[in-house]
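*Asks:* What follows is the residue order along each chain.
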Amino acid sequence: MSALSPHLLAEIKELPARYPQPRSAVMPALDLAQEELGYLNPEAMSEVAAALELDPGYVEGVATFYTLFHLAPTGKHHFYVCTNLSCTLRGADEIVEHLKKAIAVTGPDAVSAEGLFSYEEVECLGACEFAPMMRLDRRYYYDLTAEKIDDLIADRKGHLPARRGGRRAAPGGETQVPSVPVEAPHPSPPVRKSALRAPGERVAREGRDVPRKKKGA
Amino acid sequence: MPELRGSFGDAPNHLLTRWFGTPDLHRLGVYESKAGGYSALRKALLEMAPADITSEVKTSGLRGRGGAGFATGTKWSFINRDAPGPKYVVINADESEPGTSKDRYILENSPHLLVEGILIAAYAVGANQAWVYIRGEYDEPYRMLSEAIEEARAKGYLGPKPMGKDYPLDIRLYRGHGAYICGEETALLESLEGKRAQPRSRPPFPAVKGAWGRPTLLNNVETLATVPWIINNGGAAYAKFGTDKSPGTRLLSVSGNVRKPGVYEVELGQSFRHVIMELAGGVTEGRSLKVFWPGGSSAPVLPASMLDTKTDMEALAAARSMGGSGGVIVMDDSHCIVRAAHRLLKFYAHESCGKCTPCRVGGDWAVRTYDRILANEGSQTELDTLQRVSDGLQNGRCLCGLGDSAGWVIDSTLRHFREEYEDHALRHECNVGGPPAASGRHLPRDRDEAASA
Chain A
1 MSALSPHLLA
11 EIKELPARYP
21 QPRSAVMPAL
31 DLAQEELGYL
41 NPEAMSEVAA
51 ALELDPGYVE
61 GVATFYTLFH
71 LAPTGKHHFY
81 VCTNLSCTLR
91 GADEIVEHLK
101 KAIAVTGPDA
111 VSAEGLFSYE
121 EVECLGACEF
131 APMMRLDRRY
141 YYDLTAEKID
151 DLIADRKGHL
161 PARRGGRRAA
171 PGGETQVPSV
181 PVEAPHPSPP
191 VRKSALRAPG
201 ERVAREGRDV
211 PRKKKGA
Chain B
218 MPELRGSFGD
228 APNHLLTRWF
238 GTPDLHRLGV
248 YESKAGGYSA
258 LRKALLEMAP
268 ADITSEVKTS
278 GLRGRGGAGF
288 ATGTKWSFIN
298 RDAPGPKYVV
308 INADESEPGT
318 SKDRYILENS
328 PHLLVEGILI
338 AAYAVGANQA
348 WVYIRGEYDE
358 PYRMLSEAIE
368 EARAKGYLGP
378 KPMGKDYPLD
388 IRLYRGHGAY
398 ICGEETALLE
408 SLEGKRAQPR
418 SRPPFPAVKG
428 AWGRPTLLNN
438 VETLATVPWI
448 INNGGAAYAK
458 FGTDKSPGTR
468 LLSVSGNVRK
478 PGVYEVELGQ
488 SFRHVIMELA
498 GGVTEGRSLK
508 VFWPGGSSAP
518 VLPASMLDTK
528 TDMEALAAAR
538 SMGGSGGVIV
548 MDDSHCIVRA
558 AHRLLKFYAH
568 ESCGKCTPCR
578 VGGDWAVRTY
588 DRILANEGSQ
598 TELDTLQRVS
608 DGLQNGRCLC
618 GLGDSAGWVI
628 DSTLRHFREE
638 YEDHALRHEC
648 NVGGPPAASG
658 RHLPRDRDEA
668 ASA
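Residue numbers (the working numbering), protein chains in the order written: chain A, 1 to 217; chain B, 218 to 670.
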């Protein structure tokens with residue numbers, strides 16, 4: 001019983017040819033695995049390693065180094081809230097406190113009911129003129145307020161955001177372009193829709209035996 | 218159209234941002250017809266010899282905008298153009314220095330400006346392939362840059378014969394996955410090669426042995442986005458801007474407690490008073506400036522009394538700081554410097570790759586010391602420990618600058634705000650912005666700590 005689909009593993013095997021040296025394919029391959037599974041468990045990492053003809057320990061070493069690889073399931077909508085200095089000076093900590101209450105989780109390891117939401121505090125996301133800000137569903141949201149957070153949560157739950165001032169508030173306020181699925185252009189294909197998963201669906205939340213990453217320790 | 222907070226439009230010092238704000242500037246057609254785009258690439262490929270391009274960049278005096286400020290033309294000349302085998306240009310788009318958003322500003326407003334700069338650089342140093350290492354969280358910039366590359370490919374500006382020139386050029390993208398250390402050039406190369414991003418020892422330098430063991434030119438996004446202007450107008454024209462040793466303009470991302478945060482293009486040599494008080498509209502209403510980080514969180518802090526410091530690298534060095542990444546973080550007098558330093562040390566401790574002992578151990582040690590001080594358990598011992606850890610982190614004891622940066626945060630905040638540290642460590646009080654409970658504007662205590670208390 002394999003963690004990743006045969007179709008995906010076949011796709012991973014084609015990645016190394018795109019790089020001057022095959023090892024560079026490891027992160028794009030882990031991306032594909034995470035996209036299909038929702039997170040990376042030891043089985044998935046072993047299967048990626050086998051497909052790339054690398055040592056499983058090596059692949060796990062890479063996966064545990066980078067914060068965008070999740071070693072435990074996250075919510076379907078995962079909030080990456082910046083709490084570095086520029087955002088903290090403009091109220092990021094209050095945003096986090098509000099978010100925790102709004103999605104009813106105790107901390108960054110927790111996933112809300114029905115697996116819908118989770119969050120983590122992240123380091124600077126490089127949009128400091130819009131602080132406080134965050135990333136959600138592959139998009140940045142700016143000038144965060146408690147109200148914007150509530151609207152986004154309502155939107156993701158399938159409710160219409162509340163009306164304000166006579167017109168419907170755009171979820172998250174003034175972000176740039178409408179959310180466009182990030183297609184995988186040539187040549188690195190890290191982001192794609194899984195053929196095996198309905199949009200947004202994630203696998204059941206189990207296998208939480210993988211410890212969360214602790215870097216630099 | 219992305220919302221613009223910062224410089225755009227016509228102004229004498231808008232070399233990079235002149236056309237920002239033009240509707241659909243990210244489309245090749247608009248970039249060409251409105252902004253005169255790709256004329257520099259045409260000139261470079263069809264009218265100039267590679268050595269002349271490098272020489273023009275040398276004349277401009279342009280210095281790297283990623284943080285170190287190394288002379289760009291000199292860096293280009295380190296690549297042996299005639300050496301056999303593949304050579305690469307690698308673009309550092311892993312912008313992650315706290316307080317820095319200028320590369321995103323370029324990528325979202327004018328991705329073709331970067332594409333054009335990359336192609337010119339690749340041709341100049343004899344590379345046929347360029348790799349843009351772009352941070353994984355930059356979904357929108359990634360999409361826009363991908364589209365720009367495909368537009369340029371469709372138009373025949375890159376590919377087997379760019380603009381008819383028999384010199385194949387290609388640009389590829391590689392996404393980062395969340396690691397500050399990848400902004401360091403050799404860590405970036407390790408990551409590009411599919412490894413844990415731990416810096417390499419130098420020599421060999423990337424110019425000799427870089428990506429996949431081949432000669433590699435590494436430049437920052439802003440640096441290469443400046444190149445088309447230099448080719449169009451000449452290096453001498455560029456050198457007329459700025460100061461003798463720091464010529465030109467650069468983008469400063471101003472964030473924190475200012476009324477108009479934004480990415481502003483500034484002629485080097487202008488003062489931070491101009492940047493913070495005029496361009497960014499001054500400090501939050503009813504508050505006054507306490508301190509600012511002039512070049513990202515890694516640049517040693519400057520107190521309000523040094524607001525007239527100039528933005529060029531020499532002036533900043535004389536003020537015992539640096540230009541760094543151009544991220545200007547402004548903090549007003551309602552915030553506590555000890556808590557701010559604590560927050561930054563947590564960042565450096567988290568982002569340490571663990572390869573060098575001073576950085577791996579020092580960061581966590583400093584965080585624990587700050588924890589004790591902020592829990593009102595401090596004494597002279599803690600202050601001495603901070604100074605000792607800070608000294609141990611600095612002065613090239615590590616393979617890259619991450620450890621030094623952590624040390625500078627401690628050292629510079631201690632140097633300029635000794636009394637505030639002593640209030641916390643020796644007197645167990647915080648005297649910032651009125652009573653803490655009433656102001657409500659302190660950097661909150663660490664939540665874990667608050668929860669367990």
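Simulated from the structure, these hints should not be mistaken for laboratory data. Predicted, not measured: the structure shown is a model, and the values here were computed from it. A portion of the hints provided could be inaccurate.
What the hints assert, rightly or not - No more than 25 angstroms apart at the CA atoms, straight line, and that leaves these computed lysine to aspartate or glutamate pairs for DMTMM-like:
id	chain 1	residue 1	chain 2	residue 2
1	B	563	A	147
2	B	477	A	11
3	B	563	A	94
4	B	563	A	43
Said to hold, decoys possible - DEER-style ranges, computed between Cβ atoms:
id	chain 1	residue 1	chain 2	residue 2	range
5	B	451	A	145	29 to 37 angstroms
6	B	644	A	137	27 to 35 angstroms
7	A	18	B	302	16 to 24 angstroms
8	B	295	A	61	42 to 50 angstroms
9	A	138	B	422	45 to 53 angstroms
10	B	345	A	61	28 to 36 angstroms
11	B	295	A	107	47 to 55 angstroms
Note that CB positions come from ideal geometry on N, CA and C, so glycine has one too.
*Asks:* Please go over all the hints and tell whether each is borne out by the structure.
*Replies:* Against the structure, the hints come out as follows:
| no. | hint | in the structure |
| --- | --- | --- |
| 1 | B:563 <-> A:147 | violated (29 angstroms) |
| 2 | B:477 <-> A:11 | violated (47 angstroms) |
| 3 | B:563 <-> A:94 | holds (19 angstroms) |
| 4 | B:563 <-> A:43 | violated (32 angstroms) |
| 5 | B:451 <-> A:145: 29 to 37 angstroms | violated (48 angstroms) |
| 6 | B:644 <-> A:137: 27 to 35 angstroms | violated (47 angstroms) |
| 7 | A:18 <-> B:302: 16 to 24 angstroms | holds (19 angstroms) |
| 8 | B:295 <-> A:61: 42 to 50 angstroms | violated (32 angstroms) |
| 9 | A:138 <-> B:422: 45 to 53 angstroms | violated (36 angstroms) |
| 10 | B:345 <-> A:61: 28 to 36 angstroms | holds (32 angstroms) |
| 11 | B:295 <-> A:107: 47 to 55 angstroms | holds (48 angstroms) |
Of the hints listed earlier, those the structure fails to meet are numbers 1, 2, 4, 5, 6, 8 and 9, in rising order.
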